[in-house]
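Listed below, chain by chain, are the residues.
Number of protein chains: 2
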Amino acid sequence: MAFKIGLLGLGTVGTGVAKILLDPVGRNPLIKEITIERVGVRSLSKTRDISLSPDLFTTTLEEIVTDPDIDIVVELLGGLEPSRSLILKAIENGKHIVTANKAVIARYGEEIYTAANEAGVYVLLEGAVGGGIPVIKPLKQSLGANRINSIIGIVNGTTNYILTQMTQEKADFDDVLAEAQKLGYAEADPTADVDGLDAADKIAILASLGFGGRVKREDVYCEGIRQVSAVDINYADRLGFIIKLLAIAKGSKGDASDTLELRVHPTLVPKTHPLASINGVYNAILVEGEPLGQVMFFGRGAGEGPTASAVVSDIMNIVAILSSGGDSKTLEPLLTCTHQHYCNLTPIEALETRFYARFLCRDVPGVIGHLGTSFGKHRVSLESVVQIGFQDNLAEIVVVTHNVKEGNFRQALSEIESLEAIHSIPSILRVL
Amino acid sequence: MAFKIGLLGLGTVGTGVAKILLDPVGRNPLIKEITIERVGVRSLSKTRDISLSPDLFTTTLEEIVTDPDIDIVVELLGGLEPSRSLILKAIENGKHIVTANKAVIARYGEEIYTAANEAGVYVLLEGAVGGGIPVIKPLKQSLGANRINSIIGIVNGTTNYILTQMTQEKADFDDVLAEAQKLGYAEADPTADVDGLDAADKIAILASLGFGGRVKREDVYCEGIRQVSAVDINYADRLGFIIKLLAIAKGSKGDASDTLELRVHPTLVPKTHPLASINGVYNAILVEGEPLGQVMFFGRGAGEGPTASAVVSDIMNIVAILSSGGDSKTLEPLLTCTHQHYCNLTPIEALETRFYARFLCRDVPGVIGHLGTSFGKHRVSLESVVQIGFQDNLAEIVVVTHNVKEGNFRQALSEIESLEAIHSIPSILRVL
Ligand SMILES: NC(=O)c1ccc[n+]([C@@H]2O[C@H](COP(=O)([O-])OP(=O)(O)OC[C@H]3O[C@@H](n4cnc5c(N)ncnc54)[C@H](OP(=O)(O)O)[C@@H]3O)[C@@H](O)[C@H]2O)c1
Ligand SMILES: NC(=O)c1ccc[n+]([C@@H]2O[C@H](COP(=O)([O-])OP(=O)(O)OC[C@H]3O[C@@H](n4cnc5c(N)ncnc54)[C@H](OP(=O)(O)O)[C@@H]3O)[C@@H](O)[C@H]2O)c1
Chain G
0 MAFKIGLLGL GTVGTGVAKI LLDPVGRNPL IKEITIERVG VRSLSKTRDI SLSPDLFTTT
60 LEEIVTDPDI DIVVELLGGL EPSRSLILKA IENGKHIVTA NKAVIARYGE EIYTAANEAG
120 VYVLLEGAVG GGIPVIKPLK QSLGANRINS IIGIVNGTTN YILTQMTQEK ADFDDVLAEA
180 QKLGYAEADP TADVDGLDAA DKIAILASLG FGGRVKREDV YCEGIRQVSA VDINYADRLG
240 FIIKLLAIAK GSKGDASDTL ELRVHPTLVP KTHPLASING VYNAILVEGE PLGQVMFFGR
300 GAGEGPTASA VVSDIMNIVA ILSSGGDSKT LEPLLTCTHQ HYCNLTPIEA LETRFYARFL
360 CRDVPGVIGH LGTSFGKHRV SLESVVQIGF QDNLAEIVVV THNVKEGNFR QALSEIESLE
420 AIHSIPSILR VL
Chain L
0 MAFKIGLLGL GTVGTGVAKI LLDPVGRNPL IKEITIERVG VRSLSKTRDI SLSPDLFTTT
60 LEEIVTDPDI DIVVELLGGL EPSRSLILKA IENGKHIVTA NKAVIARYGE EIYTAANEAG
120 VYVLLEGAVG GGIPVIKPLK QSLGANRINS IIGIVNGTTN YILTQMTQEK ADFDDVLAEA
180 QKLGYAEADP TADVDGLDAA DKIAILASLG FGGRVKREDV YCEGIRQVSA VDINYADRLG
240 FIIKLLAIAK GSKGDASDTL ELRVHPTLVP KTHPLASING VYNAILVEGE PLGQVMFFGR
300 GAGEGPTASA VVSDIMNIVA ILSSGGDSKT LEPLLTCTHQ HYCNLTPIEA LETRFYARFL
360 CRDVPGVIGH LGTSFGKHRV SLESVVQIGF QDNLAEIVVV THNVKEGNFR QALSEIESLE
420 AIHSIPSILR VL
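As you go down the protein sequences, you meet chains G and L in turn. The first sequence: position 111 = 110 (numbering that gives the first Met the number 0), numbered continuously. The second sequence: position 387 = 386 (numbering that gives the first Met the number 0), numbered continuously.
Mixed in with the good hints, there may be bad ones.
For chains that are exact copies, the list does not tell them apart, and a pair is met inside one copy or across any two.
Subject to a maximum C-alpha distance of 30 Å in a straight line, what follows is the list of computed DSBU-like cross-link-like pairs (lysine-lysine) [what the hints assert, rightly or not]: (1) K45 <-> K376; (2) K88 <-> K404; (3) K31 <-> K215; (4) K45 <-> K404; (5) K249 <-> K3; (6) K18 <-> K249; (7) K169 <-> K270; (8) K249 <-> K31; (9) K376 <-> K181; (10) K31 <-> K376; (11) K181 <-> K215; (12) K270 <-> K45; (13) K181 <-> K18.
FYI, nobody ran anything at the bench for these hints, they're computed from the structure.
Build the full structure now, drawing on both the sequences and the hints.
In structure tokens:
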């Protein structure tokens, strides 16, 4: 049997997908059954890194999503529109969807999955998280027997590259960002990466799959890495930590009243933790479940080859199911999101975590007493208080807390901020 | 729909499987559709860590594999017989098979898969390699779009624990083995683990899946860790390496004339390599493919919970396919081994790798010249020659080669062995 796909987009990932499909020898035998029927792009005149018949190309993407010959629409445009509308239109026309677009799924997943469930088609998205690292399918299939306790990931290669460089080269954020942009590891407008938005899209998707409930993207708490300084990376190092941008989903299903923590922020990770050694543009996702314990998936989180590998594996899956001719809907619990209810998210104030805070202060002995009093009053217990250095005439004091309620910690801080002896609180970070 | 399984064995893994199935809340909804119909064990009187109706138990395992009510037989007995015969009998009776028994699959996989293909049933084995780490399904499904270049794994927890302890405690093999046996990390008869046989079973299975050809288990070259000494671990450390028992499958499909390297041996791994930091009982499998690049899967390679997680995921997969009512054979390229041909294995003499060798010798300046001459004659080029220490009156010289043909290296060694100045060659190890 032959299956026809329509490619929306022939950029980095689309080109990678086409290369695999045009060169099937030595790959899974299903690849031979897939042909590229149409390709939708913005420019017909661009020179492309792959030879495809010009007849396949169109700039009218509507033609592809409504083409009766096409079985599977592969959306690799990026961005919210026209991706969202084209996906919905394709579903309406009975096409199965494969996409690597985390932004559109994280924001419009509900609308898209509702439409797909009604139309009886699949929407697969392995490429959207972790590039070539198999994580979406394993989470649904291989780990499905577990109750998932947590999913913690380094899911954005740009920020991991920047933090790794800042750590290894003792360099500042702005310099490293500029260099990353030059090397093509960061985009001209780095906001989505650097402010944690891309990581938040991804953890929203992983949480929804792992914890079996819908997640509102706007409810993911999100802090980026702009405020991480070389000073803090250095102090963290001396205290036994490495700073990483983590995307965290934590909860326990099994009890409907349980809530889920969902957050993206720079985090002090103990050096012995498996995520501490994930450097550069690599991604890793650590899943903890019962009775599984911990498993970690590691690899390149982006790039033409890795992402295309994931996209083509999704196409293969759909092709296998279509060829079986069975009632494909029964395979859904293994492949896609079928849940209707929303996960109950813990508000950030109620979250319990450890904190790292750095204070600049005028009068050290006095301040340590005051810190103790203020933290104590708000039930914040301290794991360590260290005076590590001086900046100008000010002493630098670093505090690491035990697990505390974020709300209590913030109250203590606002009290401390008003102390005469405190000059400023340049950094507040969470500790894993 | 409800699906009935027959459990052969209710030991460590069988108990873990039963626990998951009896407590489905918060897990994949498919789990609720699976019921335990019969349980086969050796002793009816044993007290067990799980409450199952005594009516379910039998010691006549034949009854289970021929029971017309049973859809899936889950073999968790271990060992070659009666596992092999029961699996074949179950297949003959139209049952799908789930097993965690790497020994039986590595040795009788051909017979079992041939029977299964004829009978139109599945034989799934996620639990057989890497315990709870999803690797079999990801290799077939998520990585299926790739040409696999290599699969390198730390797939035996016992030996990794022993080597880690030897490294961290600077202890000798025998002492650490005795301690591991006390802790339950090594069996009373440690042969299968310590001599690399278990790892060889596993790499034979992974290679067959990854490279799409059958593999004869007896053709896997296999060296265990008994000859690894604290002295070599120490020298390796000073040269920037950690010694690990690696299971290696390397080749490139895409060309039928290509051959596959398949071997298990202690290996010097550069400290910066992702596998170097996998310690204790943990397992990790590193897969390299085109266009994917590297991905690594990491987790606990054994134990009740992790292995049961993998076994139940296989049961879930079959249940999903059975409920779809389609022609399940078409899903095979994603799930199981369908290939008929044998992989063409590289004989160990033809293998190219780097070597580490340690020499004890009487006359240092003379020896270094002789070593150079003998290696040169056999086209073995040296990366480094270091004299590191003395033992009694003998100088200890360590050599690391560039990539060389194993045959050439062995010829040079046998010449060197006969040199007057050479007292002995206590260790020869391969370098990654
Ligand atoms: N790049 C990665 O490493 C990576 C990794 C994981 C996920 N992803 C996701 O994969 C998707 C594609 O990324 P990419 O890097 O391949 O993007 P890209 O290189 O920018 O390519 C986008 C493609 O879509 C076409 N396109 C965009 N908007 C269009 C419009 N309105 N009408 C017609 N054609 C349009 C472009 O046409 P022209 O060629 O004519 O300009 C181009 O071929 C995104 O959702 C991204 O988040 C990418
Ligand atoms: N344990 C692990 O961590 C692990 C990890 C990966 C894979 N595996 C694989 O999983 C399989 C099971 O391992 P396990 O550790 O669960 O073994 P186990 O604890 O020794 O349990 C074996 C079970 O099979 C039953 N049994 C054995 N031979 C029998 C026979 N001839 N007739 C009837 N019953 C028999 C035993 O009955 P009684 O209970 O009456 O003695 C017991 O219930 C093996 O293939 C192993 O390689 C194990």
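Results of checking the hints against the structure:
1. Within a single copy, K45 and K376 get their C-alpha atoms no closer than 65 Å, and across copies no closer than 56 Å, so neither meets the 30 Å cut-off.
2. Taking the closest pair of Cα atoms, K88 and K404 never come within 30 Å of each other, the shortest separation being 46 Å inside a single copy and 59 Å across copies.
3. When the C-alpha separation of K31 and K215 is checked against a cutoff of 30 Å, the pair qualifies only between copies, where the shortest distance is 28 Å, while the shortest distance within a copy is 39 Å.
4. Taking the shortest Cα distances, K45 and K404 never come within 30 Å of each other, neither inside one copy (55 Å) nor across copies (48 Å).
5. Taking identical chains as interchangeable, the C-alpha atoms of K249 and K3 are never at most 30 Å apart, the minima being 40 Å within one chain and 34 Å between chains.
6. When the C-alpha separation of K18 and K249 is checked against a cutoff of 30 Å, the pair qualifies only between copies, where the shortest distance is 23 Å, while the shortest distance within a copy is 38 Å.
7. Taking the shortest Cα distances, K169 and K270 sit within 30 Å of each other both inside one copy (17 Å) and across copies (22 Å).
8. In this assembly of identical chains, K249 and K31 lie within 30 Å of each other by CA distance solely across copies; the values are 24 Å between and 41 Å within a copy.
9. With identical chains, the CA atoms of K376 and K181 are never at most 30 Å apart, being 49 Å at best within one copy and 49 Å at best between copies.
10. Neither within a single protomer nor between protomers do K31 and K376 lie at most 30 Å apart by alpha-carbon distance, with minima of 68 Å and 49 Å respectively.
11. Neither within a single protomer nor between protomers do K181 and K215 lie at most 30 Å apart by alpha-carbon distance, with minima of 35 Å and 50 Å respectively.
12. Within a single copy, K270 and K45 get their C-alpha atoms no closer than 47 Å, and across copies no closer than 45 Å, so neither meets the 30 Å cut-off.
13. For the homomeric pair K181 and K18, the shortest alpha-carbon distance inside one copy (27 Å) is at most 30 Å, but the shortest distance between copies (54 Å) is not.
Of the hints listed earlier, those the structure fails to meet are numbers 1, 2, 4, 5, 9, 10, 11, 12, in rising order.
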